[in-house]
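**Q** Sequence lines, in order, name chains D and U.
Under my numbering, the first sequence has 147 at position 147, and the numbering climbs by one with no breaks.
To get my numbering, take the position in the second sequence, counting from 1, and add 1000.
No lab work stands behind these hints, which were simulated from the structure alone.
All residues carry an ideal CB built from backbone N, CA and C; glycine is no exception.
Incorrect hints may have been included.
[Said to hold, decoys possible] Chain U side only, calculated, beta carbon under 10 Å to chain D, not exhaustive: (1) Cys1025; (2) Ile1028; (3) Trp1029; (4) Arg1031; (5) Ser1146; (6) Leu1148; (7) Leu1149; (8) Ala1151; (9) Thr1152; (10) Leu1153; (11) Pro1155; (12) Asp1156; (13) Leu1163; (14) Arg1204; (15) Arg1208.
[Said to hold, decoys possible] Cβ pair distances, simulated, as ranges: (16) U:Ser1146 x D:Gly150: 25 to 33 Å; (17) D:Arg169 x U:Ser1146: 23 to 31 Å; (18) U:Ser1164 x D:Glu8: 22 to 30 Å.
Next come the chains, spelled out residue by residue.
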Amino acid sequence: MTVLIGTEGLHLAYGGQSVLRDVNLTLARGEIVTIVGPNGSGKSSLLRALIGALAPAQGRITRAPGLRIGYVPQNLAIDATLPLTVARFLGLPRRISAVRAEEVLTGAGVPGLADRQMSALSGGQFQRVLLARALLDMPDLLILDEPTQGLDQPGSAAFYQQIETVRQRTGCGVLMVSHDLHVVMAASDRVLCVNGHICCEGTPDIVASAPEYRALFGTGTRGALALYRHEHGHSHGPKGDHAHDHEHDHDHDHQHETTGA
Amino acid sequence: MTDDFMIRAALAGLGVALAAAPLGCFVIWRRMAYFGDATSHAAILGVALALATDLPVFGGVLLVAVAMALLLTGLTGRGISSDALLGVMAHAALALGLVAVSLIPDVRVDLMGYLVGDILAVSQADLAVIWTGATLVLGLLFWRWSSLLAATLSPDLAQAAGLSPKREELVLTLALSITVAVAIKVVGALLIAALLIIPAAAARPLARTPEGMAAAAIFIGGASALGGLIVSFALDTPTGPTIVSLAAVVFALTRGVSAARV
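Make a model of the complete structure from these sequences and hints.
**A** Right, here's the structure in full:
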């Protein structure tokens, strides 16, 4: 097993505020590892540290010599004032030939888009163009930050299928952050559950039955349906919004919950 | 011979437009319009510094513009609301500059000239400074074009591609400061930002690629400079504001055309 990237005692902070501590992880070639965790748990920070965009506060990151990373960012808002064709986007920062552009677009499942404006793409097409760009340099490691954000169920299922295809074809390692718990469990070799630190990790089975995981994502039977329900249950996190909303209205009288506005 | 000052003015306008237009594209792509405003308003403070220390005006303005731009970059990185911050800095710099100029003893300054420019009074030496600056800015942009574009699109993507977004930001900051320093004579501190933003914004509907937009912006900027010069001569209006007004008309036209097409 070739280890592509690893961390030792990694500690990340933003403006003095610790976001993630004691991260020890390794990722090998051909592996698909998914990071799950609530919002603000440090998932994106971890990915940004791995690509070198965020310097570790402590600990270290080791990369295999000559490691090529393909990165799909969490969200890429292209300003409306910036005209950009798909081909030109793929050619940033290094220009590529039209043939090569078509090749990677096909590899990402969206052939024939090269001359379209980035702003004219659908959500699914946009994400796949981002994937195509990440695949350009024949990466050893693909890092994706919530790549199916904004896609519907079939769209994200198809997207993960594509990732799987890419992995099989190129043998690259894949590290991604995802909220699509039901898909994650099916598509990953290993899952890291993160909330300020790594709460638990292992195969999807092990993680899904771990108490730490259940504490974060709720209890219930394992399996796709249960996990699917959890995905829609963001509000029952530790600081649910509801308690907050109702505080002002219902100080005195709890019974009138339904008669209010 | 009588046209001499007109030719110098035309060359000065063209030089500034050439540098400002493609740089202006980055200013609007990165949503730095207010950043440009703040930096160019600080130019008046630079004028005061130059007058107080016998520096050439270009040097004083460049120095203050760089300082201002770096200060803004540093502050916005620390989570201070940049909209409010830029608003404060832009106007504070202008006000401070005006106060500072008035405090310098024994200097009678044509303040209006620095505020709205005095393109008809451009000398041979000014022309040399303007074209040196413009060439430098264009060179910087041409050299770093792809990296700048990648960093503009997404700092993280640029980082993953092995670039340093911070360095690209610095390149833009430097280019912006040079542009402010050479443009103050032509359009004045109040309207430098207009020369950056308006041609680029006017070029947007005409372009399908970033390069196309920069080229169109250069064309619109250059045409506005020359056209504004001619119109201001005919109508006897201040030249800098006339150039900017003309660019604004082009902006309205290209927007109108693109709106009609949809």
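**Q** Against the earlier hints, flag every one the structure doesn't satisfy and list their numbers going up.
**A** No hint contradicted; all consistent.
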